[in-house]
Amino acid sequence: MTGAPSPSKDAARRRQVGLALLAVGAVLLFSSATWFGSGQPVVGVVQVVVALVVAAAGGAALRRSRTT
Numbered sequence: 001m002t003g004a005p006s007p008s009k010d011a012a013r014r015r016q017v018g019l020a021l022l023a024v025g026a027v028l029l030f031s032s033a034t035w036f037g038s039g040q041p042v043v044g045v046v047q048v049v050v051a052l053v054v055a056a057a058g059g060a061a062l063r064r065s066r067t068t
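Position 11, counted from 1, in the sequence shown is what full-length UniProt numbering calls 11; the numbers after and before it change by one each time, with no gaps.
Hint data in this document are derived by calculation from the structure and do not stem from the laboratory. Be a bit skeptical, because a hint or two may be false.
[To be verified] Quick list of in silico lysine to any residue cross-link-like pairs, SDA-like style, CA-CA up to 20 Å:
id: 1; residue 1: Lys9; residue 2: Gln47
id: 2; residue 1: Lys9; residue 2: Ala60
id: 3; residue 1: Lys9; residue 2: Leu19
id: 4; residue 1: Lys9; residue 2: Ala61
id: 5; residue 1: Lys9; residue 2: Val50
id: 6; residue 1: Lys9; residue 2: Arg63
id: 7; residue 1: Lys9; residue 2: Leu21
id: 8; residue 1: Lys9; residue 2: Val48
id: 9; residue 1: Lys9; residue 2: Ala51
id: 10; residue 1: Lys9; residue 2: Val53
Bear in mind that the values here come from a model prediction, so they are computed numbers and not experimental data.
Can you build the whole structure from these sequences, using the hints too?
Shown next, in the form of structure tokens:
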């Protein structure tokens, strides 16, 4: 039978997910400049908002991995 993952494996997984989400958020944030440059600022603003939400989720996952 398989049980719940050990706390150290769970923390490591949360850390990896957090770092991945932070990386995705950074890519979205930096690539949003292309929308502003192509004359579509609304899409750029939406992408910046999504980038901030994804990065916040990554930061929360990373912070949670350190407290467990």
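Given hint Val50 paired with Lys9 - CA-CA distance at most 20 Å | With a Cα-Cα distance of about 29 Å, the restraint between Lys9 and Val50 is violated, given a limit of 20 Å.
Given pair status - Leu21, Lys9, alpha carbons within 20 Å | holds, 18 Å
Taking 20 Å as the top limit, are the C-alpha atoms of Lys9 and Ala51 close enough?
-> This hinted pair is violated, its Cα atoms lying about 27 Å apart.
Quickly compare the C-alpha distance for Lys9 and Ala60 to 20 Å and report which way the hint goes.
-> holds, 17 Å
Agreement of Lys9 and Ala61 with the hint, judged by alpha carbon distance not exceeding 20 Å = Holds: Lys9 and Ala61 sit about 14 Å apart, inside 20 Å.
Would the pair Lys9 and Arg63 pass a check requiring their Cα atoms to be no farther apart than 20 Å?
-> holds, 15 Å
Does the alpha-carbon distance linking Lys9 and Val53 stay inside the 20 Å limit?
-> violated, 26 Å
Is the straight-line distance between the alpha-carbon of Lys9 and that of Val48 20 Å or less?
-> It is violated: about 32 Å lies between the C-alpha atoms, which goes past 20 Å.
Given hint Gln47 paired with Lys9 - CA-CA distance at most 20 Å | Measuring from Cα to Cα gives roughly 33 Å; hence the hint is violated.
Lys9 paired with Leu19 [C-alpha distance capped at 20 Å] | Holds - the C-alpha atoms of Leu19 and Lys9 are around 15 Å apart, at most 20 Å.
Going through the hint list in order, the structure does not satisfy hints 1, 5, 8, 9 and 10.
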